[in-house]
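Starting from the given sequences, assemble the full structure and let the hints guide the process.
Chains as they are written, first to last, in the working numbering: chain S, 1 to 76; chain W, 1001 to 1381.
Source of the hints: derived by calculation from the structure; they are not laboratory data. Since this is a predicted model, take the numbers as computed values, not measurements. Treat the hints with caution; some may be incorrect.
[Claimed, not checked] List of simulated lysine to any residue pairs, SDA-like, C-alpha gap at most 20 Å:
#1 S:38 with W:1323
#2 S:62 with W:1255
#3 S:58 with W:1310
#4 S:38 with W:1324
#5 S:58 with W:1304
#6 S:38 with W:1307
#7 S:47 with W:1268
#8 W:1024 with S:66
#9 W:1280 with S:9
#10 S:4 with W:1250
#11 W:1248 with S:6
#12 S:38 with W:1308
#13 S:62 with W:1300
#14 S:62 with W:1021
#15 S:13 with W:1307
#16 S:62 with W:1019
#17 W:1024 with S:67
#18 S:62 with W:1293
#19 S:62 with W:1307
#20 S:38 with W:1309
#21 S:47 with W:1254
#22 W:1250 with S:5
#23 S:13 with W:1254
#24 S:38 with W:1318
#25 W:1210 with W:1200
#26 W:1244 with W:1132
#27 S:13 with W:1267
#28 S:62 with W:1296
The residues making up each chain are set out below.
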Amino acid sequence: MKFKLQEHMLVPKHEILSKEEAEELLKILGVRKEQLPKMKADDPIAKEIGAKPGDIVKITRKSLTAGESVFYRLVI
Amino acid sequence: MKKVDYDSIINQYPFPPSVKEEIKAELEKNNVNKTNAKKIVEKCYQAYLANLMEPGEAAGIVAAQSIGEPGTQMTMRTFHYAGVAEINVTLGLPRLIEILDVRKNPSTPMMTIRLLPEYAQDREKAREVANRIEATYVRDVADIEVDIRRLTIIIRPDTRVLERKGLSAEDLKNKISKVLKTEVEESEDGSFVAQIAEPSYKTLMTAFEKLKDTVIMGIKEIKRVIIRKEDDEYVLYTEGSNLKKIMKVKGVDFTRTTTNNIYEIYEVLGIEAARNAIIKEALDTLEEQGLEVDPRHIMLVADVMTADGELRQIGRHGVAGEKQSILARAAFEMTVNNLLDAAVKGEVDYLKGITENIIVGQPIKLGTGDVELVLKLGGRK
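Spelled out as structure tokens, the structure:
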């Protein structure tokens, strides 16, 4: 049986940001890439979506307080 | 009365989704007209801004106090049975410490396995999956004896148990010969006789011990499986945990199967799932003790623990132990070791954190202390 790890209820939605999106994000947040929280390149989800070191991953979490919240991680 | 489009009013403000929904529900309940709705939403936005955390606020200290205080009321040592099922799980303070320390092997690993629809409705089918998961040893399905005179091992299969586990005598025979690496002969009364290769008493006994602990079916780590009916489906609870193997078992709904071993979740499902698991486990532990802690504090802790892409414990080997400042580390734990190591390496303390500035007696960069005023010369234009 084949399944995606991303379908597990504990795993929120992960998306890779395009280069333009990433640049815009860093401009809005006013930080350098390295200041973002990290995520390992050999993380099972990073492997599944094919994220490479240097990519920024957008994570849409279901939050207990805000309903939905967006988080970013830099793949290292 | 004409229906007012509340969404378009609310969406003009950057509320989080849950707040948006709450306002909308309240407006709809009272059937507010458009001009009033605008005023209400504006007021809500002001209240929202007033309740936001201020920049420079010591969020971590507030979180530490908010978890620490209820923690003092937790039972020091509790072993409890989870619900009706007689599975022993660590709860209370020991469990909370386990979560924050990111133990690789928690003292009582446990899994909650949900089944695919076609298996979840039928007790027999659920039993079938449970059999596939639960570790069955050779000693569970057969009597094992050693014949010292002939230097053989005699295995008498219990046909009733074998049948209940859905195994055949043939399976057992093959497994035995594979483990002992010898031929297994079947005698008239249905028992198996295994002749060991090297005829010595010592090898006979090691082979005997090995055979006793051989798993012929199921997953080694899963010591016990309990089937329970929850709402309208059967759920399996296990003692012991192995997420990686369980997700490949037929009949298991992997997407809804979890374990209380956070490190295992991190390895199989990644850092974000681990963060969710930390929040869930910590909140459940606190709630079980009748303590209410705002999830925001736990979320902050979970964020710090997962910020580096790997699980870091809160403590001397993790978050606190990896601080940049030598003085902050020395003030926390293992003072002499930290100072000595720093001296040997020739480290420099830049006095950028809180603890080190308190130690040297300087104002700290926190709250209002974090703000510096700059005077722009030249006056107003």
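Going through the hints against the structure:
Annotation: proposed proximity of residue 38 of chain S to residue 1323 of chain W holds, straight-line Cα distance about 17 Å (limit 20 Å). For the given pair, residue 62 of chain S sits about 16 Å from residue 1255 of chain W by alpha-carbon distance, which is consistent with the 20 Å threshold. With a C-alpha separation of about 17 Å, the suggested pair residue 58 of chain S and residue 1310 of chain W falls inside the 20 Å cut-off, and the hint holds. Pair hint residue 38 of chain S plus residue 1324 of chain W holds up; C-alpha atoms about 18 Å apart against a cutoff of 20 Å.
Between the alpha carbons of residue 58 of chain S and residue 1304 of chain W the distance comes to roughly 18 Å, so the proposed pair stays at or under 20 Å and holds. The hinted pair formed by residue 38 of chain S and residue 1307 of chain W meets the criterion: a straight-line CA distance of about 6 Å does not exceed 20 Å. Of the pairs offered as hints, the one joining residue 47 of chain S and residue 1268 of chain W holds, with about 12 Å between alpha carbons and a cut-off of 20 Å not exceeded. Straight-line distance between C-alpha atoms of residue 1024 of chain W and residue 66 of chain S comes to about 15 Å, which keeps the hinted pair within the 20 Å bound.
Of the supplied pair hints, the one linking residue 1280 of chain W and residue 9 of chain S holds, its CA atoms being roughly 12 Å apart against a limit of 20 Å. At most 20 Å may separate the alpha-carbon atoms for a hinted pair to count; residue 4 of chain S and residue 1250 of chain W meet this at roughly 16 Å. Taking the CA atoms of residue 1248 of chain W and residue 6 of chain S, the gap is about 15 Å. The hint holds against a cut of 20 Å. Between residue 38 of chain S and residue 1308 of chain W the CA atoms are separated by roughly 5 Å; this keeps the pair inside 20 Å, and the hint holds.
Between residue 62 of chain S and residue 1300 of chain W, the direct Cα distance comes to roughly 15 Å. Compliance with the 20 Å bound is thereby established for this hinted pair. Restraint check: the Cα-Cα separation between residue 62 of chain S and residue 1021 of chain W comes to about 15 Å, which is no more than 20 Å; the hinted pair holds. At most 20 Å may separate the alpha-carbon atoms for a hinted pair to count; residue 13 of chain S and residue 1307 of chain W meet this at roughly 17 Å. Restraint check: the Cα-Cα separation between residue 62 of chain S and residue 1019 of chain W comes to about 14 Å, which is no more than 20 Å; the hinted pair holds.
Between the alpha carbons of residue 1024 of chain W and residue 67 of chain S the distance comes to roughly 14 Å, so the proposed pair stays at or under 20 Å and holds. The suggested pairing of residue 62 of chain S with residue 1293 of chain W holds, with an alpha-carbon distance near 19 Å, which does not exceed 20 Å. The hinted pair formed by residue 62 of chain S and residue 1307 of chain W meets the criterion: a straight-line CA distance of about 18 Å does not exceed 20 Å. Taken as a hint, the residue 38 of chain S and residue 1309 of chain W pair is honoured in the structure, with Cα atoms around 5 Å apart against an allowance of 20 Å.
Between residue 47 of chain S and residue 1254 of chain W the CA atoms are separated by roughly 19 Å; this keeps the pair inside 20 Å, and the hint holds. At roughly 16 Å between alpha-carbon atoms, residue 1250 of chain W and residue 5 of chain S fall within 20 Å of each other, so this suggested pair holds. Note on residue 13 of chain S and residue 1254 of chain W: the hinted pairing holds, with a Cα-Cα distance of about 17 Å set against a maximum of 20 Å. Our distance criterion of 20 Å between C-alpha atoms is met by residue 38 of chain S and residue 1318 of chain W, whose separation comes to about 16 Å.
For the hint pairing residue 1210 of chain W with residue 1200 of chain W, the CA-to-CA distance comes to about 16 Å; that is within 20 Å, so the pair holds. For the proposed pair residue 1244 of chain W and residue 1132 of chain W, the alpha carbon gap of about 15 Å is at most 20 Å, so the pair holds. Using a Cα cut-off of 20 Å, the hinted pair residue 13 of chain S and residue 1267 of chain W holds, with the two alpha carbons roughly 18 Å apart. As the CA atoms of residue 62 of chain S and residue 1296 of chain W are separated by approximately 13 Å, the hinted pair is consistent with the 20 Å bound.
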